[in-house]
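Okay, here's what each chain looks like letter by letter:
Protein chains: 2
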Amino acid sequence: MILINGKQSDTINVHDRGLLYGDGVFETIAVINGVPQYFDRHLDRLLKGCQSLLMPEPDVSAIKKDIESVCDKQDRYVLKITITRGTSERGYSIPEHQNLTRIIETSAFPDYPSDYAQDGVNVIQCNNRLGINPALAGIKHLNRLEQILGRNELKGTGCFEGLMIDTDGHVIEGTMTNLFSIKAGKLFTPDLSCCGVAGIMRDIVLKLAEMNSMEIQIGNITMPQLLTSDEIFLTNSLIGICPVRQINEQKFIIGTMTKKLQEQIQSIN
Amino acid sequence: MILINGKQSDTINVHDRGLLYGDGVFETIAVINGVPQYFDRHLDRLLKGCQSLLMPEPDVSAIKKDIESVCDKQDRYVLKITITRGTSERGYSIPEHQNLTRIIETSAFPDYPSDYAQDGVNVIQCNNRLGINPALAGIKHLNRLEQILGRNELKGTGCFEGLMIDTDGHVIEGTMTNLFSIKAGKLFTPDLSCCGVAGIMRDIVLKLAEMNSMEIQIGNITMPQLLTSDEIFLTNSLIGICPVRQINEQKFIIGTMTKKLQEQIQSIN
Numbered sequence: 001m002i003l004i005n006g007k008q009s010d011t012i013n014v015h016d017r018g019l020l021y022g023d024g025v026f027e028t029i030a031v032i033n034g035v036p037q038y039f040d041r042h043l044d045r046l047l048k049g050c051q052s053l054l055m056p057e058p059d060v061s062a063i064k065k066d067i068e069s070v071c072d073k074q075d076r077y078v079l080k081i082t083i084t085r086g087t088s089e090r091g092y093s094i095p096e097h098q099n100l101t102r103i104i105e106t107s108a109f110p111d112y113p114s115d116y117a118q119d120g121v122n123v124i125q126c127n128n129r130l131g132i133n134p135a136l137a138g139i140k141h142l143n144r145l146e147q148i149l150g151r152n153e154l155k156g157t158g159c160f161e162g163l164m165i166d167t168d169g170h171v172i173e174g175t176m177t178n179l180f181s182i183k184a185g186k187l188f189t190p191d192l193s194c195c196g197v198a199g200i201m202r203d204i205v206l207k208l209a210e211m212n213s214m215e216i217q218i219g220n221i222t223m224p225q226l227l228t229s230d231e232i233f234l235t236n237s238l239i240g241i242c243p244v245r246q247i248n249e250q251k252f253i254i255g256t257m258t259k260k261l262q263e264q265i266q267s268i269n
Numbered sequence: 001m002i003l004i005n006g007k008q009s010d011t012i013n014v015h016d017r018g019l020l021y022g023d024g025v026f027e028t029i030a031v032i033n034g035v036p037q038y039f040d041r042h043l044d045r046l047l048k049g050c051q052s053l054l055m056p057e058p059d060v061s062a063i064k065k066d067i068e069s070v071c072d073k074q075d076r077y078v079l080k081i082t083i084t085r086g087t088s089e090r091g092y093s094i095p096e097h098q099n100l101t102r103i104i105e106t107s108a109f110p111d112y113p114s115d116y117a118q119d120g121v122n123v124i125q126c127n128n129r130l131g132i133n134p135a136l137a138g139i140k141h142l143n144r145l146e147q148i149l150g151r152n153e154l155k156g157t158g159c160f161e162g163l164m165i166d167t168d169g170h171v172i173e174g175t176m177t178n179l180f181s182i183k184a185g186k187l188f189t190p191d192l193s194c195c196g197v198a199g200i201m202r203d204i205v206l207k208l209a210e211m212n213s214m215e216i217q218i219g220n221i222t223m224p225q226l227l228t229s230d231e232i233f234l235t236n237s238l239i240g241i242c243p244v245r246q247i248n249e250q251k252f253i254i255g256t257m258t259k260k261l262q263e264q265i266q267s268i269n
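First to last, the sequence lines map onto chains U and H.
So the first sequence is numbered by this note's numbering: it starts at 1 and just counts up by one.
So the second sequence is numbered by this note's numbering: it starts at 1 and just counts up by one.
These aren't lab readings, by the way, just hints derived from the structure by calculation.
Fair warning: there could be bad hints in the mix.
Repeated chains share a single entry, so a pair holds when one copy, or any two copies, can fit it.
Here are the simulated lysine to aspartate or glutamate pairs, EDC-like style, with alpha carbons at most 20 Å apart [said to hold, decoys possible]:
hint: 1; residue 1: 251; residue 2: 68
hint: 2; residue 1: 155; residue 2: 96
hint: 3; residue 1: 155; residue 2: 89
hint: 4; residue 1: 140; residue 2: 89
hint: 5; residue 1: 48; residue 2: 75
hint: 6; residue 1: 140; residue 2: 111
hint: 7; residue 1: 155; residue 2: 75
hint: 8; residue 1: 48; residue 2: 263
hint: 9; residue 1: 251; residue 2: 111
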């Protein structure tokens, strides 16, 4: 079911700025037995994204009401929230009165390989780069051409994900996942203050690592540095923690730290 | 009038990738007495943009047929062509079968200050930067959040345009215009191989300058370098050539070279 501004529909106005300019934000949330997972965190990121894009605060009670309408008790599916700046005349200027568009919908859970959590996945390095823009970094906004071009590089490779490097040469994330590395017991994840999407599952893993008193480093990393990791894994809200068993030609073990974090994530859910 | 895939409508499917990810391209064309100006060049850029985004070639005869339907003999108005990758399931992957969405519409000519061509305009330098991405540079794609944030900086300044600098510190363009500088008789415009939109009017001006045997340089320029120009002007398909009389606090004359190019542009139309 799709609700657009609270009404069942499958069309939006052709002058919606989501279409005109990718002028909006979205959230992709796993729903288990009718319960959207980590909902408060997703909502928080959505609201921060709106703020960064200079949009007024969306109607949170309307979002929650719509979610209640679309979410049933089914086993497992995906909830997506999209907020755009609404319609406007042609032109980049933000209109004086912004009537945000709210799209709430559910869809089937993606068909991931059943054994990825246990056996890990293969990953390549994308040639397409991420541009640097601190004003847009971290936000899950609707300007996603970089990810589309990056993801397209996976075609025919059989790989699950592609790692994207920014124009300064730092590995930032996968096309749809965040990246973690473990070396000598220390947890590392790329800094996302210049580009990338600050994932909710990334936050959860960092919190878990803190609870485990793991040493954590958030910073810059190059591909050669990443390849010296003991363990590597990817995260997002749908896959949870996904171990990496191979990047390009290099193999990695699925180590004890990754497994421990996976178990802990499962115990939280 | 708005034609979507040839049919009069003002809504698109909520799963159109133009909305989901800004996954498409567009053209904004001045129409004078029913004739779209520089149409072949606009079409050429549109097709190249589709190619860069790995979309199939749009149906050119259908585009032309739709344009005939929406364009009447009115004095002056704007024609916009948008091509998106069409609908798909959730996810960045380019679908195997791409059924492009074609949106052809007209709108009123913007309400520019009547004297801008003669008296010039005031311009500021935006704080928002342009990210670098050679794969997307030059294309008029639907990922325009950088321009929206940049343009918003003009609010309350009374300025016509804001100049945007890339993350490497080079002045690239205005939020909706290309930039030219003249110094010691030499015409300069920023290189757009790493970011920016390669405007049709920019091409026309470069062609004119060549016909005038002007020395032309396309390259990198910083703001301090730009401020040493003798003359500065902006271009786009709707304003033509727009002289700059002030950037931040510094004033510029509207010089003879700018006026000559303006006259020549008018004689082409």
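Results for each hint:
{"no.": "1", "hint": "251 to 68", "result": "neither (44 Å within a copy, 58 Å between copies)"}
{"no.": "2", "hint": "155 to 96", "result": "between (43 Å within a copy, 10 Å between copies)"}
{"no.": "3", "hint": "155 to 89", "result": "between (38 Å within a copy, 17 Å between copies)"}
{"no.": "4", "hint": "140 to 89", "result": "between (24 Å within a copy, 18 Å between copies)"}
{"no.": "5", "hint": "48 to 75", "result": "neither (30 Å within a copy, 45 Å between copies)"}
{"no.": "6", "hint": "140 to 111", "result": "neither (22 Å within a copy, 34 Å between copies)"}
{"no.": "7", "hint": "155 to 75", "result": "neither (30 Å within a copy, 49 Å between copies)"}
{"no.": "8", "hint": "48 to 263", "result": "neither (30 Å within a copy, 49 Å between copies)"}
{"no.": "9", "hint": "251 to 111", "result": "neither (24 Å within a copy, 61 Å between copies)"}
Of the numbered hints listed earlier, those contradicted by the structure are 1, 5, 6, 7, 8 and 9.
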